[in-house]
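Chains as they are written, first to last, in my numbering: chain A, 864 to 1406; chain B, 127 to 242.
Be a bit skeptical, because a hint or two may be false.
Reference excerpt, derived from the structure (chain B facing chain A, CB under 7 Å, subset only) [claimed, not checked]:
| no. | residue |
| --- | --- |
| 1 | P136 |
| 2 | L156 |
| 3 | F188 |
| 4 | M189 |
| 5 | G206 |
| 6 | L237 |
Quick list of in silico lysine to aspartate or glutamate cross-link-like pairs, EDC-like style, CA-CA up to 20 Å [unchecked claim]:
| no. | chain 1 | residue 1 | chain 2 | residue 2 |
| --- | --- | --- | --- | --- |
| 7 | A | K900 | A | E1254 |
| 8 | B | K192 | A | E1085 |
| 9 | A | K987 | B | E137 |
| 10 | A | K987 | A | D1381 |
| 11 | A | K1385 | B | E152 |
| 12 | A | K987 | A | E1382 |
| 13 | A | K1251 | A | D1023 |
| 14 | A | K1385 | A | D906 |
| 15 | A | K1251 | A | D980 |
| 16 | A | K1385 | B | E240 |
| 17 | A | K900 | A | D1381 |
| 18 | A | K1248 | A | E1085 |
| 19 | B | K192 | A | D906 |
| 20 | A | K1385 | B | D196 |
| 21 | A | K1251 | B | E137 |
| 22 | A | K987 | A | E1256 |
| 23 | A | K1385 | A | D1106 |
| 24 | A | K1385 | B | E225 |
| 25 | A | K900 | B | E240 |
| 26 | A | K1385 | B | E146 |
| 27 | A | K1078 | B | D196 |
Rough simulated footprint, nothing fancy, chain A against chain B, three-plus residues with beta-carbon under 8 Å [claimed, not checked]:
| no. | stretch |
| --- | --- |
| 28 | 141 to 151 |
| 29 | 193 to 204 |
| 30 | 212 to 221 |
Please keep in mind that the hints were generated in silico from the structure rather than gathered at the bench. Given the structure is predicted, the values throughout are model-derived calculations rather than measurements. Virtual Cβ for every residue (Gly too), placed ideally from N, Cα, C.
Single-letter residue listing:
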Amino acid sequence: MTTLLAQTETIGNPVANIGIFSLFVVVTMIVVIRASKRNATADEFFTGGRGFSGPQNGIAIAGDYLSAASFLGIAGAIAVYGYDGFLYSIGFLVAWLVALLLVAELLRNTGRFTMADVLSFRLKQRPVRLAAATNTLTVSLFYLLAQMAGAGGLVALLLDINSRTGQSVVIAVVGVLMIVYVLVGGMKGTTWVQIIKAVLLIAGAGFMTVMVLAKFGMNFSEILGSAQSAISGSTTTGVAGRDVLAPGAQYGGSLTSQINFISLAIALVLGTAGLPHVLMRFYTVPTAKEARRSVVWAIALIGAFYLFTLVLGYGAAALVGPDRILGAAGGVNSAAPLLAFELGGVVLLGVISAVAFATILAVVAGLTITASASFAHDIYASVMKSHKVTEAEQVRVSRITAVVLGVLAIGLGILANGQNIAFLVALAFAVAAAANLPTIIYSLYWRRFNTRGALWSMYGGLISTIVLIVFSPAVSGSKTAMIPGADFAWFPLANPGIVSIPLAFILGIVGTLTSPDDEDPKVAAEMEVRSLTGIGAEKAVAH
Amino acid sequence: MSETDLPIRPEAISGERYLEVQASPEFQELRTRLRRFVFPMTAVFLVWYAVYVLLGAFATGFMGTKVWGDINVGLIIGLGQFLSTFLITGLYVRFANRELDPRAAAIRTQLESEIR
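Put together the whole structure using the sequences plus the hints.
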């Protein structure tokens, strides 16, 4: 992305942006310190003592889910490609029905700290836990990398820092802040950061939506018309010919790109219920009913937010125009901030910029606590030490892991700064859908499912997704690839989901049916009874 | 937090007892009701989503048909996905509150009373 380093128009006042962001950091830090006086036990550190209510957790889930990629990325995609950007948000939203109907409550009732708790419940502990933890760490790392790499472009736009060194310093600051949140706050602290950030983000987007609508006399059709005429008047090559009100501007054309789009749609709708940092949030509530309420709140907030981005995206096309968006530092991602400046000047831009930073910070904190909990609880305590460790030691290992992950994320984020990050997010969803979801569904609903089925499905899904991505046009062999100079691509699609997700489901069935049914029926009965009734996971009724 | 507020330890119930509960008509009823709701509903929203994605990929002309002002079929079907998601969420919550929660609570209370 050479545009990052080019001299571009500066918008707003970087000092105001930094000031508002610093205020956010100070306020959340105070809340985190106050909220996390007791973080001694593993329950406190990993689940916030299961003390959050459904609505609180639902807002935090929305905070975890509405990452910088989905806020800046979707608004920008709608502004420049129109309808095709809207398609993303629909996949991201419908995906929540999979989580609500099939996964959330049963998972909440069966597990304790991590996804692996559920997957290994009635299967062979060590191999299944190791596989589940490997997938958790892989998905979290890809997601983390995408967020950190995105921070670089955002810095260029919002803080007017265009040198590579300056951007690296800011990425490092984001990483250090994240480590502090996780170490001090644990799950309780990070949940509060998510709640504050989600409220700011959704309120900010809602406020901007009302302002855009007011400018067009509350007539959405008029916004669409102006957006289309602004696109048609563009002087950037390839933009003016786009029909932004119908699908096809980004994914139309050839059969390959249409299949690529379908593949992405499958990964989006099936990936959410396999994202470990989303699944872990269900453990922060006391009952299955609260887990249900939290998903309902999340669906309402996320749905409303995506409706806002529809107005904001088309509004940015109409009011800012595609040429200014594409010419700004940060390119497509700058649509929402530029619109904020257009609508509310320096102050609104400062607020939206601060919220965008807070978004990156909060999401990476949520990812880090998930990954470090999985390492400490699944790999260290179960696989390496055969459960012969105290809970205090698990927390200690988890804190060390969080620091290591934070340092790793800073390093990788600096290296990946300016890379095409969209495929990292798509990859995280594809891995989650292929490697995690089949085993989650089978172990909750299919009594015959066994260890070999789980291992084949989890490793098969993980390996096939990554291999297909490595040999796809996203990594080599095209102008927008990660390594544009090389060409070792033989798989035609940038999104591997259409192959790897069905493959992982089939591998789960084949693996199960080719090995003897040697699982203990008593443990299977315990898992089913616990998952449906919540016995052992809910507070006892007072007698 | 007093002792009675804590969840009971699941190990306090024997494997044999879990097998009995699993085989009991009350538990089978709960299990069947859950599955009879969530499986068909999942099929419905996945098929509806697939129809939408396929139209978006292959029927762009149809999706671009103007209905009212600049609002076209694609936008209406897209917003329809939002509506159906909210609707299915509401239906599930009502179903779970009425049909699942009381049955789950009855089985749980029975098991808890056996060990306290």
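Practice task
Below or equal to 20 Å on CA atoms is what counts here, so check K1251 (chain A) against E137 (chain B).
Solution key: holds, 18 Å
Handout entry: Interface hint status, P136 (chain B) versus chain A (Cβ within 7 Å)
Key = The hint holds - P136 (chain B) has a Cβ within 7 Å of chain A, the shortest such distance being about 3 Å.
Handout entry: Given pair status - D196 (chain B), K1385 (chain A), alpha carbons within 20 Å
Key = The hint is violated at about 61 Å.
Handout entry: Holds or violated: K1385 (chain A) to E225 (chain B), with C-alpha atoms at most 20 Å apart
Key = Violated, at roughly 27 Å.
Practice task
Quick one: see if chain A covers the stretch 193 to 204 of chain B, three-plus residues with Cβ-Cβ under 8 Å.
Solution key: holds (count 8)
Practice task
Double-check L156 (chain B) for me: the hint is only fine if its C-beta lies closer than 7 Å to a C-beta in chain A.
Solution key: holds, 6 Å
Problem - Agreement of K900 (chain A) and E1254 (chain A) with the hint, judged by alpha carbon distance not exceeding 20 Å - result: holds, 18 Å
Handout entry: Distance restraint between K987 (chain A) and E137 (chain B), which requires alpha-carbon spacing of 20 Å or less
Key = holds, 18 Å
Exercise for the section: Using Cβ atoms only, decide whether G206 (chain B) comes closer than 7 Å to chain A, and label the hint accordingly. Expected result: Violated: closest Cβ of chain A sits about 10 Å from G206 (chain B), beyond 7 Å.
Handout entry: Satisfaction of hint between E1085 (chain A) and K192 (chain B), Cα-Cα up to 20 Å
Key = holds, 13 Å
Practice task
For the pair supplied as a hint, K900 (chain A) and D1381 (chain A), confirm whether the alpha-carbon distance does not exceed 20 Å.
Solution key: violated, 46 Å
Practice task
Would you check chain A against the stretch 141 to 151 of chain B, counting CB to CB pairs closer than 8 Å, and say if three or more residues qualify?
Solution key: Coverage by chain A holds for the stretch 141 to 151 of chain B (6 residues, Cβ < 8 Å).
Going down the numbered hints, you'll see the structure goes against 3, 5, 13, 14, 17, 18, 19, 20, 22, 23, 24 and 25, while the others check out.
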